[in-house]
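Student: One letter stands for each residue in the lines below.
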Amino acid sequence: MEGLERIVLAHAFFAGFEEELGPVVSGCARNHRFNPGQYLAHEGDPANEFFLIRHGKVALEILPPGQTPIVFSTEGEGDIVGTSWLVPPYRWRFDARAVELTRAIGIDARCLRDKCEADPRLGYEMMKRIVPIIVGRLDDTRMQILDVYGKGRK
Amino acid sequence: MTELADPFVPVPYRVGRVRRETHDITTLELAPVTGERPDYQPGQFNMLYVFGIGEVAISVSGDPAASGSYVHTVRDVGVVSGAIARLGAGATLGLRGPYGTPWPVEAAEGNDVVFVAGGLGLAPLRPAIYHVLARREQYGRVVILYGTRSPSDILFRHEVERWRRRLDLEVLVTVDRADADWRGDVGVVPRLIARAGFDPHSSVGMVCGPEVMMRFTANALSAAGVGSERIYLSMERNMKCAIGLCGHCQFGPDFVCKDGPVMRYDRIADIMTVREI
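Those protein sequences? They're chains A and B, same order as listed. Be aware that the first sequence starts at 1, since it is given in my numbering, and climbs by one per residue. Be aware that the second sequence starts at 1, since it is given in my numbering, and climbs by one per residue.
Hints were generated in silico from the structure; no laboratory data involved. Note that the Cβ used here is the ideal one computed from N, Cα and C, for glycine as well. Mixed in with the good hints there might be a few duds.
[Claimed, not checked] With the C-beta cut set under 7 angstroms, the calculated list includes, among others, these residues of chain A facing chain B:
hint, residue
1, H42
2, T68
3, P69
4, V71
5, F72
6, S73
7, L138
8, D140
Bound-form chain A, shown alone:
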């Protein structure tokens, strides 16, 4: 097993992944290093890549017009950043900024989408990993929208 493939399969996102699919995914992967303050992605940019965070912390933020950015989530070791690469028109829906030195694996989105189209088994394995993350983030968003700690609530 090559070094990058080992690193990819060691990430929590790929826990239990079929080993034979490892080279297929790692063929679309490359290493990244982001310094504090460096952006992984900007809202509106093409979502050409998504990231498996190995170390560090990434802030997901929205910039309301005329205001300072609002951070609505942070992602760290074992998390992924980016799901827009799966949904047309494949554009980032938020900014992603490294809060501290962050090491990540970037997965080329078009490369992986093409491989998923060609091999539904790979596509289904990817969906089984992505969907729980999306559902979990939907749950988180519900809790945040409820503003459970706001005044008038216990």
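Given the structure of chain A, go ahead and fit chain B onto it with the hints provided.
Tutor: Relative to the frame of chain A, chain B by itself:
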């Protein structure tokens, strides 16, 4: 024949030190005007009565090993709690208590302990945290997970920072939203559970916060492998008599004032989602 004290008659207490924790949360020390303060257990509450305004149930937030005063942390959300929050040193109020079931701090000995607090929920958990830290060697790993609305809403901030510096304690703090200056975590507190280091099969979870937050947290603890009989929640209902007579705090077959506020999750999980309760 000895005459029993009337449980509805409050005892006068005097406000000592007052500390403004956040823009709407205040901590007060309350000492009896005469006599001794009764002992209490972590998780119990008192009924605080502002003369001429009304009475409200507030959990004790101080160290149960400290003598002299009760410590209560109050959020200004209503007429009575607002009146309490505005009291100054030297003011007098009425107090009945302590009441209710405690956190299972003794039963948890020998286990890992996971405290999960949301917002003001850190206040009722703090006596249990003090108890565990005072007997640190009797517990396995101890984890404190705290979520609140924004960085400026962090309760007991200096104390939380002091706990974070300890090597025998894992403390993770998250906020629902922040500006770019905040270098900590942003997200809901149940998400911290997967990151915390504890053995789910020998852990006791103690959870306090808004009920929605506690439901999500109990689900996350269960998903992590903590048995529902090892998860405890501090419930809140409209408590009036505090001694199980009036029925205002009925919660299914229980009264929160005497069967709670600390209740085991496996006993209440099914009724927590019943709308009529």
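Student: Broken hints, numbered, in rising order?
Tutor: Per hint list: 1 and 7 violated.
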